[in-house]
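Student: Go ahead and model the full structure; you've got the sequences and the hints to work with.
Spelled out, the chains give:
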Amino acid sequence: MNTRTDPRRSEPLTLFEKVWKQHEVVPQTADTPAILYIDLHLIHEVTSPQAFSLLRSLDLKLRRTDRTLATMDHSTPTDPDEISGRVPIKVESAARQLKQLEVNCREFGVNLRGLGSDQRGIVHVIGPELGATQPGKTIVCGDSHTATHGAFGALAFGIGTTEVGHVLATQCLLQRRPKTMAIEVSGRLGPGVTAKDLILAIIGRIGVSGGTGHVIEYRGTAIEALSMEERMTVCNMSIEAGARAGMIAPDDTTFAYLKGRQYAPTGAHWDAAVERWRALRTDPGALFDEIVHIDADSIAPMITYGTHPGMVVPIGAAVPQRPGDAAHAKSLAYMGLQEGEEIIGKAIQVVFLGSCTNGRLSDLKQAAQVLKGRKIAPGVRMLVVPGSQQVKREAEAIGLDRIFIEAGAEWREPGCSMCLGMNGDLVAKGDYAVSTSNRNFEGRQGPGARTLLASPATAAVAALTGRITDPREFLAGAAPAAH
Amino acid sequence: MEPLRTIESRTVVLATTNIDTDQIIPARFLTTTTKEGLGKQLFADWRYDAAGMPKPDFILNQPAAAGCEILVAGRNFGCGSSREHAPWALHDYGFRAVISTQIADIFRNNALKNGVVPVVVDKDTHLWLLNNPGTLVRIDVESSSLTLPTGARTGFPLEPFARYCLLNGIDELGYILKQADTISRFEQSHDQIYPA
Chain A
1 MNTRTDPRRS
11 EPLTLFEKVW
21 KQHEVVPQTA
31 DTPAILYIDL
41 HLIHEVTSPQ
51 AFSLLRSLDL
61 KLRRTDRTLA
71 TMDHSTPTDP
81 DEISGRVPIK
91 VESAARQLKQ
101 LEVNCREFGV
111 NLRGLGSDQR
121 GIVHVIGPEL
131 GATQPGKTIV
141 CGDSHTATHG
151 AFGALAFGIG
161 TTEVGHVLAT
171 QCLLQRRPKT
181 MAIEVSGRLG
191 PGVTAKDLIL
201 AIIGRIGVSG
211 GTGHVIEYRG
221 TAIEALSMEE
231 RMTVCNMSIE
241 AGARAGMIAP
251 DDTTFAYLKG
261 RQYAPTGAHW
271 DAAVERWRAL
281 RTDPGALFDE
291 IVHIDADSIA
301 PMITYGTHPG
311 MVVPIGAAVP
321 QRPGDAAHAK
331 SLAYMGLQEG
341 EEIIGKAIQV
351 VFLGSCTNGR
361 LSDLKQAAQV
371 LKGRKIAPGV
381 RMLVVPGSQQ
391 VKREAEAIGL
401 DRIFIEAGAE
411 WREPGCSMCL
421 GMNGDLVAKG
431 DYAVSTSNRN
441 FEGRQGPGAR
451 TLLASPATAA
461 VAALTGRITD
471 PREFLAGAAP
481 AAH
Chain B
1 MEPLRTIESR
11 TVVLATTNID
21 TDQIIPARFL
31 TTTTKEGLGK
41 QLFADWRYDA
51 AGMPKPDFIL
61 NQPAAAGCEI
71 LVAGRNFGCG
81 SSREHAPWAL
91 HDYGFRAVIS
101 TQIADIFRNN
111 ALKNGVVPVV
121 VDKDTHLWLL
131 NNPGTLVRID
141 VESSSLTLPT
151 GARTGFPLEP
161 FARYCLLNGI
171 DELGYILKQA
181 DTISRFEQSH
191 DQIYPA
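Same order as they appear, the protein sequences are chains A and B. The numbering of the first sequence is full-length UniProt numbering, which starts it at 1 and goes up by one. The numbering of the second sequence is full-length UniProt numbering, which starts it at 1 and goes up by one.
Derived by calculation from the structure, the hints in this document are not laboratory data. Check the hints yourself; a few may be wrong.
Unchecked claim - List of simulated lysine-lysine pairs, DSS-like, C-alpha gap at most 25 Å:
| id | chain 1 | residue 1 | chain 2 | residue 2 |
| --- | --- | --- | --- | --- |
| 1 | A | K179 | B | K123 |
| 2 | A | K365 | A | K259 |
| 3 | A | K61 | B | K178 |
| 4 | A | K90 | A | K429 |
| 5 | A | K90 | B | K40 |
| 6 | A | K90 | B | K35 |
Tutor: Written out as structure tokens, the structure is:
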């Protein structure tokens, strides 16, 4: 046994270890994994149907409907007419899948934020928004971006459909305790440099498998200075570094965000909860299996150039040269880019603003600031997809929808949309898309689509100029490159 | 799940590093509500052209790949999304094992639950396998070891409980369900600290 977490010794613990211990129904042994209790299970239409079928075939009930929350996001249309039912949902198989979720939720008693709900949205946007995501909880979902909820000091990770079935039936999972990695971010992000740039820089540093087998804790002054929405952007992409979970210790920023939300505790319960939550931080002297140091001041706006999020450079840099690296060459051939080529100035055809990474109100504001009173470049299609109905309402209340529409962008209904192109929102073969989402894999946004991941600010400036442009130039008041 | 004790097969090699689950099965095929028949969509965008015709130069479309149960892939296989459709598609196609130097966490978990053994080997063994496509490899689950036709034998990490489940064709759910009383006792105090 690892003496570091032996309960008989009061050794300092990491945030992860504290949350893990509080949820061990049965600790792990050499022969068996731990049985870990799950506080919140989030469900969506794509990874749940086969799990409900399993329950049905074994004649099992859902153990805790009060710990289960469902929504529709992945294959869900973003066309207002399809959502309202004025026209049929275009992707027929998606329509059947959405219907199946309704049937399953009704049969098993799951609370569903369905198509007509004003609380529907991307599962990782609505969990926090409703206050269901809370510090110290274990949160799972059949989606790898469940890491997002770690921004609140929760232990949150993606699971497969078989495990979705396990949680539905038992509220538990069999798990081996992962290793821990601290990413210490000192300093402060500069003007025009966002949380998205920070996490892209981190992935560029440790690589797309650098976090495999680990839970990451993001720490340090630059992390503490982030808003909750920025922290969610950082934790969201932990999986893109191979880590199943990313966590940030809860603090006053966290508590201020949660207070008054629908599922947040109230009155004396709130005070007691905050007191407990304050203890959820890594003790001085606690050991991590690995520590990485990053200097926030040195980070520039980042952009990907390849077919995984680790193929990323500061926006002013050229495509790296990797002679003899076949995977690199294959990736660049797909992207239609050359080694040594400048990325700045590259013409783009599509801009996607949205996703569980960057589809929250602050992301839309960041882009709207750039687009206000301006027009996007001729020939560029820009799709703006708010992360949830609540984000959409809040954005409309402050006129962001008008800014986007007047600039020439499309203002859509919430969902995952063009992040993975399941609902018919696609980038055409060969087209370049600047996307605020999380994955630039081959074909992710449609067969042959070429994705460049970036922040909402970088995406908005690209929409204006029709080219990859350094957002700092724009923010400094310099005229962006001509069309 | 069928018990799985040994796999003896020729290999198919896909040397590309970081093969993500979007390549294993693209998202547009995930609107299904069953697990069946996904093998025909395995590696769809590498395997078929825009008209849906097999691309002759892709390894799975070549006669040598027929009947192969072992996939040898580049480092960090299965990264990306949590879609269990990836091991469903691999299994339905006929693969029973994936060999690499690194396999992504969620994919590894999902594969083990579906009779696809994730086999992580050292760089030298991996390099030999990459350089000898179509070679006959034997994987023994019980001893978690792999034997090459050269006679070289190497172990690979396999979590003991997962091995037990593979060997006996057991789903983990039954094991957790047996602990229902322990879970209920846990909930009584836990619900006070972390209410629903």
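Student: Checked against the structure, which of the hints given earlier come out wrong?
Tutor: none
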